[in-house]
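Participant: Chain by chain, the residues run as shown.
Number of protein chains: 2
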Amino acid sequence: MRDPESAGPASPRVQVHRHAERARYDRETIDAILDEALICHLGVVIDGEPLVLPTGFGRVGDTLYLHGAAANRSLAAALDGVCITATHVDGLVLARSAFGHSMNFRSVVVRGRARAVTDPEERRTALLAVVEHGIPGRWAEVRQPSAKEFESTSVIAVDLAECSAKVRTGPPLDPVSDRDLPVWAGEIPLRLVAGAPRPDPHLKAGIDEPPSVAEVLRRFPGPAPTGA
Amino acid sequence: MRDPESAGPASPRVQVHRHAERARYDRETIDAILDEALICHLGVVIDGEPLVLPTGFGRVGDTLYLHGAAANRSLAAALDGVCITATHVDGLVLARSAFGHSMNFRSVVVRGRARAVTDPEERRTALLAVVEHGIPGRWAEVRQPSAKEFESTSVIAVDLAECSAKVRTGPPLDPVSDRDLPVWAGEIPLRLVAGAPRPDPHLKAGIDEPPSVAEVLRRFPGPAPTGA
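Residue numbers (my numbering), protein chains in the order written: chain Z, 691 to 918; chain P, 691 to 918.
Keep in mind that the hints were calculated from the coordinates and are not lab data.
Predicted model only: the values in this text are computed from it and were never measured.
Treat the hints with care, as some may be off.
As the list makes no split between identical chains, a pair holds if one copy fits it or if it spans any two.
[Claimed, not checked] Listed below are the simulated SDA-like cross-link pairs for lysine to any residue, each with C-alpha atoms no more than 25 Å apart in a straight line:
#, residue 1, residue 2
1, K856, E812
2, K894, S836
3, K838, E822
4, K838, A766
5, K894, P872
6, K856, V779
7, K856, S701
8, K856, S844
9, K894, E822
10, K838, L850
11, K856, E905
12, K894, P702
13, K894, R858
14, K838, T745
15, K838, V706
16, K838, G790
17, K838, A806
18, K856, V883
19, K894, S842
20, K838, R813
21, K856, H778
22, K856, R717
23, K838, V866
24, K856, D721
25, K856, H707
26, K838, N762
27, K894, P862
28, K856, Y715
29, K894, E718
Isolated chain Z, as found in the complex (with noise of 0.2 Å):
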């Protein structure tokens, strides 16, 4: 792993213009962002038109992998080209003029070509990645995939090499003449909380939540008690 200080962009197609101050190039800010993101926004080209859609992805190391039906046209399509983006918004930023108004975000972009997985070792690897990716802890829970259903699946492997990230944080950035407008300005923090489980109706009585349920918890918690 490179050193977070002198990290650069790995290519200049993912290097952050906008705003450079705010890029991240060091990997443990890139893993950290994937990670704890729960969807991507998976772009490719289909007749020369870009296509966006989000899915579920698993990181294992260097590599992402997403999953899919077998005739999944996007899948196919990242083999000659893929953008992931992965998107935490952290909060709104109000500022005094409508023109200073942001957000506060984490975001990475993960450019290259996507590889096909057939290893079937690979492919479970995969497939144990992505449900563990949200649900850490789940896959030794439940039903291991049959061979049919391990048939029924694309799986494609995207190298972290060519990535970036873009952090926002803090306030407003007002210029100095703004500040003395009578205009309240600051942050609302926003982030994603998990409500009380929902068990399925056909649940078989008799069967506690399991620790997989009580980690998702953990990840999404509510307001401590004493909040508003």
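Starting from the known structure of chain Z, fit chain P onto it as the hints suggest.
Facilitator: Chain P in isolation, oriented as in the chain Z frame:
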């Protein structure tokens, strides 16, 4: 507006293929998903490769507006072809099998070509829509854009002619043959929650939180006090 019950896809390019029963082609559903989304993911083609970036946006009737720096390459590329996708993750869906795991979500995909917005009045309408999209009521509270700020900004418009939504709700869809497995199954709902507003460090004394802040807190409320 077309009858939701009879609505089909506006073009084959936005027809939902996988899980077609989750497709929604009525504008009421599409508009509601767009209006609740704080950001979209803007997909374009640059040098033959896909590029997907998160960005704010606004909607006025049948038109989506996006803005950025005048030199923004993505906005320029959008004139040749664009895909705008907005997604809400509403929950994790835990099935009894690894393969059956899913998420509850609402997404909208808009395809087409963007139009550069050059008319001063429409540019003002667009910037107003972007600010008000995330923070209703904010435009009237703040300093209006200066001529210089307008000049530094590119604005594009994308028509909602070719768009579709996909919505998944409810419990896992385990096959009957999985129902007797001793595995917990169900949903864990997720939603965005606003935290306590943080005033700008330079905020002058005596400036109270305005109605727009209260509106954001109403849009993204915390769990009810009786909740977990």
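Participant: Next, verify each hint and record whether it holds.
Facilitator: Comparing the hints with the structure gives:
1. For a Cα distance limit of 25 Å, the shortest separation of K856 from E812 qualifies neither inside one copy, at 30 Å, nor across copies, at 30 Å.
2. With identical chains, the CA atoms of K894 and S836 are at most 25 Å apart within one copy only, with a shortest distance of 23 Å there and 64 Å across copies.
3. In the homo-oligomer, the alpha carbons of K838 and E822 lie at most 25 Å apart inside one protomer (21 Å), although the nearest pairing across protomers, at 49 Å, exceeds that limit.
4. Within a single copy, K838 and A766 get their C-alpha atoms as close as 20 Å, which meets the 25 Å cut-off; across copies the closest is 45 Å, which misses it.
5. In this homomeric assembly, K894 and P872 come within 25 Å of each other (Cα to Cα) only across copies, at 8 Å, whereas the closest approach inside a single copy is 60 Å.
6. In this assembly of identical chains, K856 and V779 lie within 25 Å of each other by CA distance both inside one copy and across copies; the values are 12 Å within and 21 Å between.
7. In this assembly of identical chains, K856 and S701 lie within 25 Å of each other by CA distance solely inside one copy; the values are 15 Å within and 35 Å between copies.
8. In this homomeric assembly, K856 and S844 come within 25 Å of each other (Cα to Cα) only across copies, at 21 Å, whereas the closest approach inside a single copy is 30 Å.
9. Proximity of K894 and E822 under a CA criterion of 25 Å is satisfied intra-copy only: 24 Å inside one chain copy versus 47 Å between copies.
10. In the homo-oligomer, the alpha carbons of K838 and L850 never lie at most 25 Å apart, since the shortest distance is 30 Å inside one protomer and 40 Å across protomers.
11. Taking the closest pair of Cα atoms, K856 and E905 never come within 25 Å of each other, the shortest separation being 28 Å inside a single copy and 28 Å across copies.
12. Taking the closest pair of Cα atoms, K894 and P702 never come within 25 Å of each other, the shortest separation being 55 Å inside a single copy and 42 Å across copies.
13. Taking the closest pair of Cα atoms, K894 and R858 come within 25 Å of each other only across two copies (24 Å); inside a single copy the shortest separation is 46 Å, beyond that limit.
14. Taking the shortest alpha-carbon separations for K838 and T745, only the intra-copy value of 22 Å comes in at or below 25 Å, while the best inter-copy value is 40 Å.
15. Proximity of K838 and V706 under a CA criterion of 25 Å is satisfied inter-copy only: 24 Å between copies versus 43 Å inside one chain copy.
16. For the identical chains of this complex, K838 and G790 are inter-copy neighbours only, at 13 Å across copies versus 54 Å inside a copy, given an alpha-carbon limit of 25 Å.
17. In this assembly of identical chains, the alpha carbons of K838 and A806 lie at most 25 Å apart only when taken from the same copy (18 Å versus 49 Å across copies).
18. Taking the closest pair of Cα atoms, K856 and V883 come within 25 Å of each other both inside a single copy (23 Å) and across two copies (22 Å).
19. Within a single copy, K894 and S842 get their C-alpha atoms no closer than 29 Å, and across copies no closer than 61 Å, so neither meets the 25 Å cut-off.
20. Taking the shortest alpha-carbon separations for K838 and R813, only the intra-copy value of 13 Å comes in at or below 25 Å, while the best inter-copy value is 54 Å.
21. Taking the closest pair of Cα atoms, K856 and H778 come within 25 Å of each other both inside a single copy (11 Å) and across two copies (21 Å).
22. Proximity of K856 and R717 under a CA criterion of 25 Å is satisfied intra-copy only: 12 Å inside one chain copy versus 33 Å between copies.
23. For a Cα distance limit of 25 Å, the shortest separation of K838 from V866 across copies, 16 Å, qualifies, whereas the shortest one inside one copy, 64 Å, does not.
24. When the C-alpha separation of K856 and D721 is checked against a cutoff of 25 Å, the pair qualifies only within one copy, where the shortest distance is 13 Å, while the shortest distance between copies is 29 Å.
25. In this assembly of identical chains, K856 and H707 lie within 25 Å of each other by CA distance solely inside one copy; the values are 10 Å within and 33 Å between copies.
26. Within a single copy, K838 and N762 get their C-alpha atoms as close as 17 Å, which meets the 25 Å cut-off; across copies the closest is 47 Å, which misses it.
27. Taking CA atoms no more than 25 Å apart as the test, K894 paired with P862 passes between copies only; the shortest distance there is 14 Å, against 52 Å inside one copy.
28. With identical chains, the CA atoms of K856 and Y715 are at most 25 Å apart within one copy only, with a shortest distance of 9 Å there and 34 Å across copies.
29. For the homomeric pair K894 and E718, neither the shortest alpha-carbon distance inside one copy (42 Å) nor that between copies (38 Å) is at most 25 Å.
Hint violations for this structure: numbers 1, 10, 11, 12, 19 and 29, all remaining hints satisfied.
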